[in-house]
Structure formats: C-alpha cells, structure tokens
Amino acid sequence: MLKETQSYPKYAPGTYVSNKDIINKNITYTWWEPEVQYSWSLGPAYSRFLQELKEGRIIGRTCKKCNRVLIPPRMFCEYCYRPTDDWIYLKDTGTIETYSISYLDPNAQRIKDPILIGVISIDGASPQHGIMHYFGEMKPNEIFIGMKVKAIWKPKKERTGSITDIKYFIPIKGGEKI
Amino acid sequence: MTRKVAIVGIGHTNFNSITPDVSWKEFMFEACQRAYMDAGINPRMDVDSFITCAEDFYEGFSIFDEFVPDQIGATLRPCCTVCGDGLYGIGNAYMQIMTGQFDIVAVEAHSKISDAVTSGDIILHAYDPLFEKPISGPVERQKYIGNPSYAIESPKPLVGKTNEKSRIHPYFLAGLEMQYYLTKTGTTEEQCAMTVVKNKKNAFKNPYAKYEANVSIDDVMGSEYLFKPLKKLDISPNVDGAVALVLASDEVAKKLDVEPIWLKGFGWSSESPWLSSRSMDADYATMASNMAYKMANIENPKKEIDIAEIDDRFSYKELQHLEALGLAKEGEAAKLLENGSLDLKGSLPINSSGGSLGIGNCFEATGLQKALEIVTQLRGHAGKRQVSDVEIGIAQSWRGIPTKSGAVAIFGR
Amino acid sequence: MRKVAVIGAGMTLFRRRLLETGKELSFLATKMAMEDCEIEKKDIDMVVMGSAPDAFDGIHMKGENLLDGAAATNKPYVRVFNGGGTGVFAPIAGWWHVASGVADIVLVVCEEKMSSCYPHPQTAFQHIWDPVVDRPLHPNLVWLFAMEMNRYMTVHNIKKEDIARVAVKNKRNAVGHPCAQLADEKITVDDVLNSEIMAWPVQRLDISPPSDGASALIICSEEKAKQFSQDPIWIDGVGWNIDSTMWTNRDLYFPRYVANAAKMAYKMSRIQDPRKEIDFAEPYDPFDYKELHHMEGLLLCDKGEAPILTREGVTQRDGDLPICPSGGLLGVGNPIAATMGQKVCELYWQLSGKAGKRQIPTDPQVGVGQAWGDIMQMGTVIVLRRG
Numbered sequence: 000m001l002k003e004t005q006s007y008p009k010y011a012p013g014t015y016v017s018n019k020d021i022i023n024k025n026i027t028y029t030w031w032e033p034e035v036q037y038s039w040s041l042g043p044a045y046s047r048f049l050q051e052l053k054e055g056r057i058i059g060r061t062c063k064k065c066n067r068v069l070i071p072p073r074m075f076c077e078y079c080y081r082p083t084d085d086w087i088y089l090k091d092t093g094t095i096e097t098y099s100i101s102y103l104d105p106n107a108q109r110i111k112d113p114i115l116i117g118v119i120s121i122d123g124a125s126p127q128h129g130i131m132h133y134f135g136e137m138k139p140n141e142i143f144i145g146m147k148v149k150a151i152w153k154p155k156k157e158r159t160g161s162i163t164d165i166k167y168f169i170p171i172k173g174g175e176k177i
Numbered sequence: 000m001t002r003k004v005a006i007v008g009i010g011h012t013n014f015n016s017i018t019p020d021v022s023w024k025e026f027m028f029e030a031c032q033r034a035y036m037d038a039g040i041n042p043r044m045d046v047d048s049f050i051t052c053a054e055d056f057y058e059g060f061s062i063f064d065e066f067v068p069d070q071i072g073a074t075l076r077p078c079c080t081v082c083g084d085g086l087y088g089i090g091n092a093y094m095q096i097m098t099g100q101f102d103i104v105a106v107e108a109h110s111k112i113s114d115a116v117t118s119g120d121i122i123l124h125a126y127d128p129l130f131e132k133p134i135s136g137p138v139e140r141q142k143y144i145g146n147p148s149y150a151i152e153s154p155k156p157l158v159g160k161t162n163e164k165s166r167i168h169p170y171f172l173a174g175l176e177m178q179y180y181l182t183k184t185g186t187t188e189e190q191c192a193m194t195v196v197k198n199k200k201n202a203f204k205n206p207y208a209k210y211e212a213n214v215s216i217d218d219v220m221g222s223e224y225l226f227k228p229l230k231k232l233d234i235s236p237n238v239d240g241a242v243a244l245v246l247a248s249d250e251v252a253k254k255l256d257v258e259p260i261w262l263k264g265f266g267w268s269s270e271s272p273w274l275s276s277r278s279m280d281a282d283y284a285t286m287a288s289n290m291a292y293k294m295a296n297i298e299n300p301k302k303e304i305d306i307a308e309i310d311d312r313f314s315y316k317e318l319q320h321l322e323a324l325g326l327a328k329e330g331e332a333a334k335l336l337e338n339g340s341l342d343l344k345g346s347l348p349i350n351s352s353g354g355s356l357g358i359g360n361c362f363e364a365t366g367l368q369k370a371l372e373i374v375t376q377l378r379g380h381a382g383k384r385q386v387s388d389v390e391i392g393i394a395q396s397w398r399g400i401p402t403k404s405g406a407v408a409i410f411g412r
Numbered sequence: 000m001r002k003v004a005v006i007g008a009g010m011t012l013f014r015r016r017l018l019e020t021g022k023e024l025s026f027l028a029t030k031m032a033m034e035d036c037e038i039e040k041k042d043i044d045m046v047v048m049g050s051a052p053d054a055f056d057g058i059h060m061k062g063e064n065l066l067d068g069a070a071a072t073n074k075p076y077v078r079v080f081n082g083g084g085t086g087v088f089a090p091i092a093g094w095w096h097v098a099s100g101v102a103d104i105v106l107v108v109c110e111e112k113m114s115s116c117y118p119h120p121q122t123a124f125q126h127i128w129d130p131v132v133d134r135p136l137h138p139n140l141v142w143l144f145a146m147e148m149n150r151y152m153t154v155h156n157i158k159k160e161d162i163a164r165v166a167v168k169n170k171r172n173a174v175g176h177p178c179a180q181l182a183d184e185k186i187t188v189d190d191v192l193n194s195e196i197m198a199w200p201v202q203r204l205d206i207s208p209p210s211d212g213a214s215a216l217i218i219c220s221e222e223k224a225k226q227f228s229q230d231p232i233w234i235d236g237v238g239w240n241i242d243s244t245m246w247t248n249r250d251l252y253f254p255r256y257v258a259n260a261a262k263m264a265y266k267m268s269r270i271q272d273p274r275k276e277i278d279f280a281e282p283y284d285p286f287d288y289k290e291l292h293h294m295e296g297l298l299l300c301d302k303g304e305a306p307i308l309t310r311e312g313v314t315q316r317d318g319d320l321p322i323c324p325s326g327g328l329l330g331v332g333n334p335i336a337a338t339m340g341q342k343v344c345e346l347y348w349q350l351s352g353k354a355g356k357r358q359i360p361t362d363p364q365v366g367v368g369q370a371w372g373d374i375m376q377m378g379t380v381i382v383l384r385r386g
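Protein chains in written order, with numbering that gives the first Met the number 0: chain A, 0 to 177; chain B, 0 to 412; chain C, 0 to 386.
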C-alpha cells in the first residue's frame, strides 16, 4: 500500500473575492454586453406543430416501423433513423408523468404562490411521450403523478402559434366528458 | 499490424445563403443520411462513435451538444462534440479508430449561420474581453438597427476614423493581416484579386456552389473597400451547408465494398490568442502541415501533392496558406497564380470546388467541405471539374477570425 | 491499443467567485499538475481542453482564448464539450490521443469561470432549452432537476431523509479537501430538510453551487509511464453515451445513457460484476439525489437500492463501497467542467495513496468516475485501475 505523507492536492491556488469586492470596485473588471440574436428556421415539423396550436389542436407524427406516435413532432424517427410517415391529431388531454412545485420564478426570484410545472404524456401518443407545461386550477397538495389532466386554451384571438397558446393543464374531475 | 483509416462515405446538403424551409435538425439529417447511404451502413447498428463539430454561439444554444444526437443517428450511442473545424473532427475520429476500440466513426459539421441574425457581433464576441473588445466600441448593447441581410452580407465599412457610437465589425483584423502580408511578400492587391477570379470561375463547375460569378480583376478592384486593403469581393459571404463523412478502419472498408480513400496524415495546431504578441503569418498551417506530412511520409510536398483545397475565406489567405503549407516559396504564391499553375488545368489545382469564395463561408463546416472535395476528386466523381491523375490531395482549414488555429488532412488513393 | 497512465493532477481553489481570469486558472491548475510529475511545457505533446458553455466566460470560441493558460501555444490543441459530461469526457479525449499512438504525453485541462456571467450564471442556462416546446414557458433549470427527482422518488418510494443523507455525507467528506467550497463538518440531515424549498422536492442544501475553478490531468503512454511511477495508475476503461434530445419522451427514473456508458467502460476494463470488482466510485452529484440516480446507472446496485445503501452507511468513506470520498460537487463545488478535479483527479490520488485526510482506508485498486451532462442526456464513464 502506497502511503504518502503528503496530502494531494498539496495546496489550492486561487484568490477568493466576494460580491462586495465587485460592487465596491476593489478589483478591476471589464464589462461587455454581446449582441446575439437568432432567428431559427423551424422546419416542417415544428412549423406545422405551431400552426396547429394556433388552431387549438395538438398534432404528432407517426413512425410505422417502430409503431410510435411522436410528440413533439419530428420529421425523422431517432430510433429507426428514417423519415417519419404521417401527421396525426392527438387529444389535448393527458396524464402527469412528473411535476414540481416551484417557489422560484423563471428569473430565479422567490415567489409566494408556487408555480406548478411538469411533464404530461399526451393521450393518443405513445406511452410516456409528451410535453412540459404548467398546471393550473389545482393546489400543491392535490397534484400527483398519474393524475389525468386536460388543456385549457387561450381564446382564439390571443393565440400566436406558440406552446403558450395552451394556458395550462387542469385536472379532469370525475364524470367529465372529454 | 498498424491499422489504416479510410473515408468510406460522404454526404452533403446544398449550400445556400438562406435555408428557411428546414431547421438545423433536418439539415444535419440530410447530410448524414446521404453519407450513410454512400457507405452502405446503418448508423443505428454499424457506427461505433459519432463526432459533431460545432460552436455554441454559431448555433444559438448554450449547450449545442444536446440537439445533436437524434438527427445523426446517435441516440443512445457514443456521441460527442468537438469545438473546432470539421478537420479537427476527422483527426479525432482517426485517433478513435486507431485505438482499436472503434471501427466506424461518423463526423458531421454544419453551418446554419443564416439563423444568426447578428453574425458579425457573434464573431466580435470571440475577441479578448480585456484587450480587444473594449476598443471595438461601446460596451453596452446597441439597439439593433438595420435589417438582417445588411448585417450578414455587408459588414460596416471602416475607412478612416471610427464612429465611437457603434461597434466595429470584427473583420478589421483580416484587414490588418492582409496589409502585413502584402507588405511582407510584395504581393499586390491585384494578385489577391486573381484568387477571387479563379475561385469564382471554378465554382461554375461545382453543382452545389452558389456564389459562382464571372468576375474580372477590375470588378474586384472596383468593389468598395471595407477594411482597407480588404475589399468587398475579397471576403467570402456567409452560407449554410452541412457535410458528413464516415471513416472506417481498413478491415471494415474492405468488407463494405466501397473504394476507400485513405486518410494518410493529419495535423492541427494553435499559436496564441494574444493579438499583440503573435506573428501575422500562418504558422499554425506550417506546424499542422509538418505534423501531417510526417505522418503521411511526404518529404517534398510541392512534388508529391496533386491537388489542394486551401482555406480562402479572405482572398489573401489562399496565398498565405499556400506558402505556409510549403507548396510555394515565400512570396511566390502570387507568381504561381499568375502563370496559371493553380488553375484547374494547372500543375497544382487549388480550390477546384470554388473554395469559400465560390461556395461561401460555411464556418465550422469549411474543413469538411474541403475534405469532401478532395475525396470526391480522388474517387474520380468530380464531373466537370475533375482533375486528372490525382493520387494525393491535401485539405486545409483555419478556424477563422480571430483565431490562429488550423488543421490539415492528407488523403490518398 | 496502447495502455494509458495518469501521472499527474492539479486543481485550483473552487469558490463562487475567484479573482483570476480563465487563462490564469488554467495556468494554476496546469502548473500544479506539471510540478506533480516534474515535466515542463516542452515535454507535453498535445493539449485537450474541456470547458462548458461559452456563455459563462462571455467569450465565443473560448477554447481559443484559454489556450495560452493551458500550455498549448504552438501545440496541437483541441477543445471538447459535452455539457456537464465534459469533466470526465476531456480525459477520455486525452485517452484516445495517447492510445491511438499519435501522442505520448497529453495534458488535459478543464476550466470554468461561471462568475463572469451576469446577473447570475443561471441565466446562461435559459438557452439550453428547445426554442419551441420549452423556452416559451421560461423554465428554470432547477425545475428540470425537481421533476426528475420527483419521478425517481415516486417510482421507488424513496423518502427525502435518505436523499438528504447524501448531501450530509458529501459535505462532511469535503472537510479534508483544500479546494472545497462548501465543506461542513457539522451539517445534519435536519439542516438539509429544513432548508428553504426552491422547487419541490429540491431544497437549498440539495444543490451544488456555481463555482469558478480549474483542474488538470497529465496522462502518458505505457512506455513512458515507468519513468514517472513504479506503480502506474492506468486508464482502464472509457465509455460515453448520449440519449435523445426529447427528454419529455423518456422515463426519467433511470439514466439508461449512464448504464450504456458504464457497460462500454466495463467491457473495455473487463469488469463483469461491478458491485464486487469496483472499490470506490465518484458519480456526478450536482444534486444529492443524482448520486443515487447515478449509482444505479453505474450498475453498482439494483434500481432503487442506492438510498438503502446510503442509509446503511455502505457509501461512507470507511464503508464497503465508498462513494464520492472527495466530497463530490456538493461539498467541493460545481464548476461544471472543472469537476474533473473531483471525478478523475480524485481517483488518481486515492489509487496512489495520496489523498491524505480523504484517503479510503481499504486498499483501493479500481475506481470509477462518472459525469453527466446536457438535458438529462450525456453519460461519460472512466475506470482507473492500479498496477
């Protein structure tokens, strides 16, 4: 057994500075704001997906080889490595696969009323294939994995062709016609 | 028994200035699908490792590696991203195959620079934050004015005093280098213009090149000075394109029944990021090519190399790289150009595909486009631009402004 | 295939903010590694850099900017990048430089300067999401981990106490580490359970902080290894694997990409029963539940068994299967790529008996390091073996 008396790493080089050092300008720093803007072309799959969202529908793609229904839609199946086959309309209901109750807003600031976010597997698509979205009209102690939910859409004139055209998903209470 | 590495499949998309009908995913899928069909393999089962060459800021994501696997066939397979030019990817693929653990490796690189609205500012973002960025203009973001086509095609001209209220386009560095090169070697601007004429003419014979043009030296000399002495037609315009290559060991190449083009040698090198204390020569190309020549057992490159694809993002760069690679003596590259040796029918055709001046600047895919051309020529599939009797070809690329890094790959039959 | 040995390692201080620039951090780590094996810059053949998003440092193509600090001027130099998996992937890239016969001595440097990003390094993470299906919802990175943690806890019915034990273990383990940012001798499970809830079930003390730091590793070929050590530490197996971009199409309770990477590495290293043959492991632990998640991914225990092993003390430094003896990311800090210092350099120090206060008392022969990256996608695994 090699037993060295010295402990590695022997020392830890580096100088610690605190936020105050920067605010009080005790250390030199330089500043730059990059001007980076992108405008991605989305291709046939996502473009159609967003168009359908504007109409209030969720659409997916099918791959006949592995028999999957894919959401979010894509023009090629990543398992079979071939182009996907058809468009197929899916329901706007689903099941909660996982969720989180967040006390941080998107800018990492603390908030009092939590945001409920999670992954919903969409009915009509292959099992466990879904999208991420918000949950609404439910309390933090009501949400659970396996809950059946449905989408609440924004009014037609407010829809812009974005995933946010769905406001959030709410629980389907018993006996409700879907 | 030492292994050898061969290129067994090539595939590419068309090169276009904008590609609004496809996203980067379909683009990469197209190039990779073609390469796999060319090699006759199924990526889901046969390819052992995948390499993508991409830089985050060119793509617009913090971690571009996330968006790579599905479209190149690498879902649940070993896949990685090398931040470098396509030829760095080839070098790493070569090393992976030579370890003996991998038999087939796919390399992909693409440019979807049309998605980046402010491409000039993105290149400016590569400058050193302490010494170079502050002299480039105000540190706060300016409200973006001007439509995208202006931003991409025509950098803000810089002749005379700078306007402090806005930022300079980063290509001023190329202007400085060109001035140095012209002074040191005695090359004239007209001679650099001849490179533009040659390459744009070559591009007519290349079906996927989109910036072919029948320009004369006067046209080039008459185009406006953007970064004196760099003129508008000296700069290659941005273009979108994707290229994929499949490399395999020699045993596998035999089984695949594809005529292998051997990767005989490669090299890469970086100089220094400090603008103020590095030379303005292309020493990175010299170091990289020395490494490649040694690996390929080439002692006299001028005699042994039959065809070359050299980085010509800026017209003077082709001449500078030619000298750095040892294919021309210092200051003599321009002479070879003038006496027609570098034309398609000359003794050492350079940039038969049209180069970046004829095809467009495809950023990280440049190296793979150059490799694509050499492999196509060596296979004899280059159609109208086929050069006869080619046995050994060299592809060289540079990582672009403001780097001093480049790679070289040597292919042979 | 040539065998590849590790002959030197170095690491800087890890703190939320360091004065040094990225170049200087790379230099400090490289200097320490070179002093360790007494070589000079001219002895190094090639350099590999690993560094995570450019957005943190605020320099596009930052690999080019850092190269002088990484002893790479006028040398072949390449940067690899796999998100968070870079910490273990950069040594793998170094491995194939040497194993292919192209180089003899390779320096691998990993650097991270997260503090340069304003207002907070988290803002750089806003741009890892898909622009169509995820980004318009303005997600926070913590939400993603919270969702995965929730799924993992629900599928295996795990209590938060068992997960909190990991944070306690690692922060206590880090006490012997000179670079550690969050070492805490006195932390208890209750401290963790009472810390503020960020996004349930993730609480403040479950998370590792953003940090600045750098680490370096020097590896060399079989022929030269004997010059440096009588008992070289070999890189015995490497593996890496990436899963689909569509993370909402996967069941997050098990990292199958880590399992695939581990199988690749174990096959190369001829390990058939990981639980018995591996002496200790350094799985990636940016969050405490991640250590458990990855232990199962590394096939060191059955699915759902990891929290039980933690509760029984098996994963303590003096236990049967020490996990994260360095203190991991939770204890030492999380400068994404520079975590090579805890994941690979630590394996080297432990196997050569140089870890001092952190040394595992049983005589370890085989260690496994693992990193994870992208959006729940990338698994990179490395196996180091002594002698």
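Take the hints with a grain of salt, since some may be wrong.
Taking lysine-lysine pairs in the PhoX-like style, the calculated list, with each CA pair at most 25 Å apart, reads [as the list claims (entries may be wrong)]:
#1 A:Lys-111 - A:Lys-166
#2 A:Lys-9 - C:Lys-225
#3 B:Lys-302 - B:Lys-334
#4 A:Lys-111 - C:Lys-30
#5 A:Lys-138 - C:Lys-159
#6 B:Lys-3 - B:Lys-200
#7 C:Lys-2 - C:Lys-40
#8 C:Lys-30 - A:Lys-9
#9 A:Lys-138 - C:Lys-158
#10 C:Lys-262 - B:Lys-293
#11 A:Lys-90 - A:Lys-111
#12 C:Lys-41 - A:Lys-9
#13 C:Lys-158 - A:Lys-9
#14 B:Lys-293 - C:Lys-41
#15 A:Lys-53 - A:Lys-19
#16 B:Lys-293 - B:Lys-344
#17 C:Lys-40 - B:Lys-293
#18 C:Lys-159 - B:Lys-293
#19 B:Lys-3 - C:Lys-158
#20 B:Lys-344 - B:Lys-334
#21 A:Lys-9 - C:Lys-356
None of these hints come from the bench; they were simulated from the model.
Lys-138 (chain A) and Lys-158 (chain C) were given as a pair; does the straight-line alpha-carbon distance stay at or below 25 Å? Between Lys-138 (chain A) and Lys-158 (chain C) the Cα gap is close to 22 Å, so the pair holds against 25 Å.
For the pair we were handed, Lys-293 (chain B) and Lys-41 (chain C), check the Cα-Cα distance against 25 Å. At roughly 19 Å apart (the allowed maximum being 25 Å), Lys-41 (chain C) and Lys-293 (chain B) satisfy the hint.
Would the pair Lys-40 (chain C) and Lys-293 (chain B) pass a check requiring their Cα atoms to be no farther apart than 25 Å? Cα-Cα ~22 Å, so holds.
For the pair we were handed, Lys-111 (chain A) and Lys-166 (chain A), check the Cα-Cα distance against 25 Å. Judged against 25 Å, a Cα distance of about 20 Å means the pair holds.
For a C-alpha distance cap of 25 Å, please report whether Lys-138 (chain A) and Lys-159 (chain C) respect it. 21 Å, holds
Measure nothing beyond the straight line between the CA atoms of Lys-9 (chain A) and Lys-225 (chain C); if it is 25 Å or shorter, mark the hint as holding. 23 Å, holds
Starting from Lys-53 (chain A), check that the Cα of Lys-19 (chain A) is at most 25 Å away, please. This hinted pair is violated, its Cα atoms lying about 48 Å apart.
25 Å Cα cutoff - pair Lys-159 (chain C), Lys-293 (chain B): 60 Å, violated
Taking 25 Å as the top limit, are the C-alpha atoms of Lys-293 (chain B) and Lys-344 (chain B) close enough? Given pair Lys-293 (chain B), Lys-344 (chain B) is violated - Cα atoms ~28 Å apart, limit 25 Å.
Run the distance test for Lys-302 (chain B) versus Lys-334 (chain B): straight-line Cα separation, threshold 25 Å. 17 Å, holds
Taking only the CA atoms, is the gap from Lys-90 (chain A) to Lys-111 (chain A) under or equal to 25 Å? 33 Å, violated
Between Lys-41 (chain C) and Lys-9 (chain A), is the straight-line Cα distance small enough, at 25 Å or below? The given pair, whose Cα atoms are some 24 Å apart, holds under the 25 Å limit.
Hints 4, 6, 10, 11, 13, 15, 16, 18 and 19 from the list above are not met by this structure, while the remaining hints are.
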